[in-house]
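Student: With chain X fixed as given, assemble chain L onto it according to the hints.
Note that the protein sequences, when read in sequence, are chains X and L. Quick note on numbering: the first sequence equals residues 1 to 396 in the UniProt record's numbering. Quick note on numbering: the second sequence equals residues 1 to 396 in the UniProt record's numbering.
Do not take every clue at face value.
Copies of the same chain look alike in the list, so a pair counts if it works inside one copy or between any two.
Calculated cross-link-like contacts (lysine to aspartate or glutamate; reagent style DMTMM-like; alpha-carbon spacing at most 25 Å) [what the hints assert, rightly or not]:
(1) 141 / 151
(2) 141 / 152
(3) 182 / 47
(4) 141 / 96
(5) 380 / 366
(6) 161 / 201
(7) 161 / 151
(8) 353 / 274
(9) 389 / 311
(10) 131 / 96
(11) 161 / 204
(12) 351 / 241
(13) 117 / 244
It should be emphasised that the hints constitute simulated quantities derived from the structure, not laboratory data.
There are 2 protein chains.
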Amino acid sequence: MNQSENQIDQILKRGVAEVIVEEDFKKLLLSGRKLRLKEGFDPSSPDIHLGHMVALRKLRQLQDLGHQVVLIVGDWTAQIGDPSGASVTRPMLSAEQVKANAKTYLEQFFKIVDKDKTEVRWQSEWYGNFKLEDVVRLSSKFTVAQMLARDDFAKRYAAGKPISVTELLYPMLQAYDSVMVKSDVEFGGTDQKFNLLVGRELQEMVGQKPQQVLMVPILVGTDGVHKMSKSLGNYIGVAEDPSEIFGKCMSIPDELILQYFELVTDIPDQEIADFKAQMENGQVNPMILKKRLASELLTQLYNATAAQEADARFTRVVQRGEIPEDMPECRLENGQNTGVIDFIILSGLAKSKSEARRLLEQGAVEINSEKISDQNTPVKCGDIIKAGKRRYSKAI
Amino acid sequence: MNQSENQIDQILKRGVAEVIVEEDFKKLLLSGRKLRLKEGFDPSSPDIHLGHMVALRKLRQLQDLGHQVVLIVGDWTAQIGDPSGASVTRPMLSAEQVKANAKTYLEQFFKIVDKDKTEVRWQSEWYGNFKLEDVVRLSSKFTVAQMLARDDFAKRYAAGKPISVTELLYPMLQAYDSVMVKSDVEFGGTDQKFNLLVGRELQEMVGQKPQQVLMVPILVGTDGVHKMSKSLGNYIGVAEDPSEIFGKCMSIPDELILQYFELVTDIPDQEIADFKAQMENGQVNPMILKKRLASELLTQLYNATAAQEADARFTRVVQRGEIPEDMPECRLENGQNTGVIDFIILSGLAKSKSEARRLLEQGAVEINSEKISDQNTPVKCGDIIKAGKRRYSKAI
Chain X
1 MNQSENQIDQ
11 ILKRGVAEVI
21 VEEDFKKLLL
31 SGRKLRLKEG
41 FDPSSPDIHL
51 GHMVALRKLR
61 QLQDLGHQVV
71 LIVGDWTAQI
81 GDPSGASVTR
91 PMLSAEQVKA
101 NAKTYLEQFF
111 KIVDKDKTEV
121 RWQSEWYGNF
131 KLEDVVRLSS
141 KFTVAQMLAR
151 DDFAKRYAAG
161 KPISVTELLY
171 PMLQAYDSVM
181 VKSDVEFGGT
191 DQKFNLLVGR
201 ELQEMVGQKP
211 QQVLMVPILV
221 GTDGVHKMSK
231 SLGNYIGVAE
241 DPSEIFGKCM
251 SIPDELILQY
261 FELVTDIPDQ
271 EIADFKAQME
281 NGQVNPMILK
291 KRLASELLTQ
301 LYNATAAQEA
311 DARFTRVVQR
321 GEIPEDMPEC
331 RLENGQNTGV
341 IDFIILSGLA
351 KSKSEARRLL
361 EQGAVEINSE
371 KISDQNTPVK
381 CGDIIKAGKR
391 RYSKAI
Chain L
1 MNQSENQIDQ
11 ILKRGVAEVI
21 VEEDFKKLLL
31 SGRKLRLKEG
41 FDPSSPDIHL
51 GHMVALRKLR
61 QLQDLGHQVV
71 LIVGDWTAQI
81 GDPSGASVTR
91 PMLSAEQVKA
101 NAKTYLEQFF
111 KIVDKDKTEV
121 RWQSEWYGNF
131 KLEDVVRLSS
141 KFTVAQMLAR
151 DDFAKRYAAG
161 KPISVTELLY
171 PMLQAYDSVM
181 VKSDVEFGGT
191 DQKFNLLVGR
201 ELQEMVGQKP
211 QQVLMVPILV
221 GTDGVHKMSK
231 SLGNYIGVAE
241 DPSEIFGKCM
251 SIPDELILQY
261 FELVTDIPDQ
271 EIADFKAQME
281 NGQVNPMILK
291 KRLASELLTQ
301 LYNATAAQEA
311 DARFTRVVQR
321 GEIPEDMPEC
331 RLENGQNTGV
341 IDFIILSGLA
351 KSKSEARRLL
361 EQGAVEINSE
371 KISDQNTPVK
381 CGDIIKAGKR
391 RYSKAI
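Here chain X stands alone, though its shape is the one from the complex (with noise of 0.2 Å):
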């Protein structure tokens, strides 16, 4: 491995909110060594989104100067669960949830990083056969007022929010991964920042090394106020369908344009300085830039081509108004006889009537390019219902 100093200072640079200890980890890059990178994941949801994507693409550009990926399904810790920056108790999954979610996510991982230069390691390969002693010889290392003082804990504690005994096992389960795998570097947004140093300090107690730690920061969703989550429903998952995805990233607040671009995209700074330029003289619509983001995304998550193809799409159907060209299709269950509100609930394109007579208030339900309001009006076969932004059904 052959780097130059400049590459490196890139890759520890942007989209990086710190490393500890910064000098040391850019010495073992400057080393030759192949370094062992580490990160977590557990799957606690069957889906991964570009929050987690910050992280992996740090391992990606590492892994393409040659070092080695060691990836943790986390399918201990995920039954757990970590309520790092969050202030509630997870419930727990169940054994055969976490499989199920494991699977889906390695698949959706190696969108972003090179499989062939990763190691996949289970917890259960060193948790499956844990006892009670192991247990007590880790959490002997650690107090109990050590782990209180994580700031989640520390607040929920304080607030007199339940903290079960098991979730004080979880910081030092992550750590002692670290020390099974002899990590070299963990990974990790900032909120892990705790869990991270806890590696480090263990690593040290058994005589390894202590790993060096990179956190990122924290993508803001597509709400443009909370981390992007799932659960919070502000996400944009890197297994969507590739319009989804190009939606998604035309519906984000202008201010997040160029933090996704500088977490999430290869563009080179210097565009990126360009890009900030130009909207603050009101040189560039948004939305061009947001194309831009959309394609640069589903360029990796995907290919060149489904990137020019949402692109396509999406100026058709949403900008023109245009009907695309192919469309799910429903049967009619009576014939003739269905009214334009059941036909959006039987096709999907509402979840309730109450939804469905929503939209159609709002004039946002159309057939064959036409605006209804009447919700008596009947569906035929043949019939394009359109129904919101960019959903559509076709009659049969």
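Tutor: Just chain L, lined up with the frame of chain X:
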């Protein structure tokens, strides 16, 4: 089992600090069902003492009514170390130390309880194969705040003293023991209250009837100040040599006499009340009562003969200053040229020269019943050397 309510009341009152729930426990005892009486002991030291005997005697009394004692050998919790009532983290013991301690401790246990009506269960039976998932399941049932509510934890936490995460596991493991042996009643000192109640809670959570809890008072040690404890050196061990037990009983402060009668002998309440009156009126020399106490104890722990012999020996040696019939012998290494200081060390009567000199200066050293003060006095074959109150060695 057919027992009078009076008998039961007596067992539940004398030498008992608190019963939870007294009414329920009494009902159980009157139900005629054979109850499972649990007591756990951590073999954290090789000996048990009168402090332990208080609860053991309760078990014995109930065994005599036909109930089943279930003795838990805490070979796992002993390794963790419970600081109940203490203010510091105990050092963790090795499995080997614990096993060796458990051996002597079981022998001593059966000096008080009936071996034939005792089921001995080692925690390793269930903790030997206790896995991480079991720890997770157990620890998720309790919150950190619940555990930190325990008096000693709360004090240490408030004082900024370390509490290892392992220590939080202790009460849960003790509680799980109750589930495993389906305990009807658990016995312990008042300092165990928290742990005993966690047992009730856990049993209820898993659908068992919550155990009753019988707590005995904490026995004050021979210093008259602190809880009797091996590490404080204020204890009377149940397996100590009869003359040692006798001597130690004679050395307790007068104000402990009645409490010891109540907690570790079968002397009837009325007789103890008489002793009390006699002491208050100066009608009895407390030494007479201490001799009685010592005899009662030795009869329980050894037999009546041992009690009589110890009494006679004490009277002869200590009270009349007579020389005992048998004593350890020590061979003179340099023929006739050993000085008294060297002999005292050689024979083990003192551990260091400075201790030997101090005894000499205090006038506590005699050769053949003559007090000596010159540290150069030689010791000859056949001399009987006394150092301290009851310690002799014969030069051969």
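Student: Hints first: check each against the structure and report whether it holds.
Tutor: So, going through the hints one by one against the coordinates:
no.	hint	verdict
1	141 / 151	both (20 Å within a copy, 23 Å between copies)
2	141 / 152	both (21 Å within a copy, 20 Å between copies)
3	182 / 47	neither (28 Å within a copy, 44 Å between copies)
4	141 / 96	between (31 Å within a copy, 21 Å between copies)
5	380 / 366	within (13 Å within a copy, 123 Å between copies)
6	161 / 201	between (28 Å within a copy, 20 Å between copies)
7	161 / 151	both (14 Å within a copy, 20 Å between copies)
8	353 / 274	neither (48 Å within a copy, 89 Å between copies)
9	389 / 311	within (15 Å within a copy, 101 Å between copies)
10	131 / 96	both (21 Å within a copy, 18 Å between copies)
11	161 / 204	between (33 Å within a copy, 23 Å between copies)
12	351 / 241	within (20 Å within a copy, 84 Å between copies)
13	117 / 244	neither (30 Å within a copy, 73 Å between copies)
Consistency with the previously given hints fails for numbers 3, 8 and 13, ordered from lowest to highest.
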